Amino acid sequence: MQKQQPWLGKPLTDIVFILAPPFVSLLVVVCLPGLFRDNATMPDAWWVVLMLLIDVAHVYSTLYRTYLNKQLYNRYKPLLIGIPVLALVVGSGIYLLSGIWFWRVLAYLAVYHFVRQQYGFLRLYSRFERSPRWYRLVDQFVIYYATIYPLLYWHLHGQRNFNWFIENEFLVSASQPALHVAMALYCLMLAVYAYKEMHYFRHCKSLNIPRIAVITGTLASWYFGIVYFNGDLAFTLLNVVSHGVPYMALIWIFGKKEAVRPESGRWLPLFFGQYGLVLFLGLIFLLAWFEEGLWDWTVWKEHRNLFSLFHQFPLTIGRPALAVIVPLLAVPQITHYLIDGFIWKKGRH
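At position 260 of the sequence shown (counting the first as 1) the number is 260 in the numbering used here, and the numbers step up by one without a gap.
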């Protein structure tokens, strides 16, 4: 195996928080089939852990890479100011025209972000490789099609017991012939990838374990979460944990490195210092709870028992007001989806 694996932080941190989540999530689903496989509902306890503490919280962890990072804030200041404003204005316009199309656009934007994150991790763990170009092309195709095929299955097959945000958000059009072609390409891809890894090992006498784990973890979480299982809880566990936990870990790893630099500003040393982990998680958990409380109070009204503090003040909102409130509450995640394509671009560090 490679003498020097391309870890991003400490090996144990990478393994536990970046590489292991999809496999651990799949193991949980397999071991508890009655709870996960085909259910269409999610218990409150699971909702708090998966949606509030991971899915929503990971969005706010972007703060440590943007608004609370002096150097990066100055570098991307126009985007960090412009994207939220543009998201609110454009989002309100779309919502006024059609609520379903607002959620549809948001869902496809989220999908794009989730897909690109896996490619980003592939690039990070391949950064030291000097392999033939066809190796890299195979890896890139696999990491993309590992996510695209399950999405095609969702669109061409339908009948899923889960949604990304709301029902009918995706443009589903059942087509068995197209689905068979997509499946055949998926099987061919798996065979080519297996051959490529064997060829790589035979010629390079080494294995890039993190890169292989990212690819196989992506294959596992997306296929089993969307295609094999048909449960809301299974989809959410495999989707959210495999995406949110590694992202927060990546923020933590890079934040620890950047906090020691004078140009990082005054906030990073506070959140990444001796007691930083408590503050790091505490802030994003608090913001996630506050945002979800506002969502439940104004829009969803599904978890009154969890957000009783908000529901002490009964509220009825008309469509014109929702055209402002819904896009406004979605601004953090839209900003996260869009700005993430810039803040990880290769630089000095």
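Just so you know, these hints were derived from the structure itself, not from any lab. Mixed in with the good hints there might be a few duds.
[As the list claims (entries may be wrong)] Heads up, simulated SDA-like pairs for lysine to any residue below, C-alpha to C-alpha not over 25 Å straight-line:
#1 K345 x S131
#2 K345 x E263
#3 K256 x S131
#4 K345 x M42
#5 K301 x L286
#6 K70 x A321
#7 K301 x Q274
#8 K301 x P6
#9 K256 x L68
#10 K205 x G93
#11 K196 x E263
#12 K10 x I148
#13 K345 x G34
#14 K257 x K205
#15 K77 x L338
#16 K196 x A220
#17 K257 x M42
#18 K205 x Y135
#19 K256 x P132
#20 K257 x T13
#21 K256 x Q274
#22 K196 x W7
#23 K256 x Q71
#24 K10 x S175
#25 K256 x M42
[What the hints assert, rightly or not] Restraint ranges, calculated between C-beta atoms of paired labels, are given here:
#26 R266 x E302: 36 to 44 Å
#27 F313 x V24: 36 to 44 Å
#28 R266 x S131: 19 to 27 Å
#29 R319 x Q4: 21 to 29 Å
#30 R266 x V90: 13 to 21 Å
Please read these numbers as outputs of a predicted model, since none were measured by experiment. For each residue, glycine too, the CB sits at the ideal point set by N, CA and C.
Hint check results:
1. K345 x S131: 22 Å, holds
2. K345 x E263: Answer holds: K345 to E263 is near 18 Å, not above 25 Å.
3. K256 x S131: 30 Å, violated
4. K345 x M42: 37 Å, violated
5. K301 x L286: 19 Å, holds
6. K70 x A321: 35 Å, violated
7. K301 x Q274: Cα-Cα ~39 Å, so violated.
8. K301 x P6: Outside the cut-off at roughly 46 Å; violated.
9. K256 x L68: Holds. K256 to L68 sits at ~13 Å (cutoff 25 Å).
10. K205 x G93: 56 Å, violated
11. K196 x E263: Distance of about 43 Å is beyond 25 Å: violated.
12. K10 x I148: 31 Å, violated
13. K345 x G34: 43 Å, violated
14. K257 x K205: Roughly 32 Å between the alpha carbons, so the hint for K257 and K205 is violated.
15. K77 x L338: 14 Å, holds
16. K196 x A220: Answer holds: K196 to A220 is near 18 Å, not above 25 Å.
17. K257 x M42: Violated, because 38 Å separates the two Cα atoms, which is more than 25 Å.
18. K205 x Y135: Distance ~15 Å between K205 and Y135 Cα, so the pair holds.
19. K256 x P132: 34 Å, violated
20. K257 x T13: 14 Å, holds
21. K256 x Q274: Distance of about 10 Å is within 25 Å: holds.
22. K196 x W7: Cα-Cα ~22 Å, so holds.
23. K256 x Q71: Measuring from Cα to Cα gives roughly 15 Å; hence the hint holds.
24. K10 x S175: 46 Å, violated
25. K256 x M42: 35 Å, violated
26. R266 x E302: 36 to 44 Å: 39 Å, holds
27. F313 x V24: 36 to 44 Å: With a Cβ separation near 40 Å, F313 and V24 satisfy 36 to 44 Å, so the hint holds.
28. R266 x S131: 19 to 27 Å: Once the Cβ atoms are compared, 42 Å apart, the range 19 to 27 Å for S131 and R266 is violated.
29. R319 x Q4: 21 to 29 Å: 58 Å, violated
30. R266 x V90: 13 to 21 Å: Violated, since R266 and V90 (Cβ atoms, about 34 Å apart) do not stay within the stated range.
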